[in-house]
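**Q** Okay, here's what each chain looks like letter by letter:
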Amino acid sequence: MEKKLKSIMADVFVCNEIDINENTIKEDLENWDSLQHLIFVSKLEQEFDVKFKPEEINSMKSYISILGIIKSKL
Amino acid sequence: MRYKFHHIAIACIDINKTISKYEALGYEAGDIQWDNIQKASICFLMAEGMPTIELISSEDEQSPIRMILKKNGVIPYHTCYLTDDLQESIESLSKKGFTVLTNPVEAIALNDKKIVFMYSSDSGLIELVEE
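Residue numbers (the working numbering), protein chains in the order written: chain A, 1 to 74; chain B, 1 to 131.
Quick list of in silico lysine-lysine cross-link-like pairs, DSS-like style, CA-CA up to 27 Å:
| # | chain 1 | residue 1 | chain 2 | residue 2 |
| --- | --- | --- | --- | --- |
| 1 | A | K26 | B | K39 |
| 2 | B | K95 | A | K43 |
| 3 | A | K61 | A | K26 |
| 4 | A | K71 | A | K51 |
| 5 | B | K95 | A | K4 |
| 6 | A | K43 | A | K53 |
| 7 | B | K114 | B | K95 |
| 8 | A | K51 | B | K113 |
| 9 | B | K96 | A | K61 |
| 10 | A | K61 | A | K71 |
| 11 | B | K71 | A | K6 |
| 12 | B | K4 | A | K53 |
| 13 | B | K96 | A | K53 |
| 14 | B | K39 | B | K70 |
| 15 | A | K6 | A | K61 |
Honestly, the hints are just simulated from the structure, not real lab data. Note that the coordinates shown come from a computational prediction; the quantities given were computed from them, not determined experimentally.
Put together the whole structure using the sequences plus the hints.
**A** Structure, rendered in structure tokens:
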């Protein structure tokens, strides 16, 4: 699951998977703006077959927070 | 569920300059209102036989509106649809691949009607308004 998440992040935010780790936050990725965030969340819902609440979408500001939210739904 | 088209929203930098361009096309502008939830200035423009336009402008650097403007310039931002049951629409569209981005809130520019924003990468951003 972690590899899949990193792969999606690398794809949407146009970066290398190797650059994404448990310390990665929104500000670390140049292309992680509010527009890309919408695309990212939409892709996460499709790929992991989950649904997020608006509060969860707003709290997705780091790799580790996203991982935690997805894990709580699987 | 049945929907009625309500408006096209256009993200703009200088709302007064954009109003003047749409007035040249025959539109009449309403008042400019501040929406504290979207942190944006909003103005509706109407003309007979033409779709309603909502101009939306934000000074907040982190808002999606500013991001759109930076990437694309002045451009359509979302389309808006009326529904008679907001909650049922949210549930129905959510099952069809839309992501719910906001909880239902009252929109000052729409007479405090309840709205919600949803997104799909295949459709872009949409707004629903409860009639």
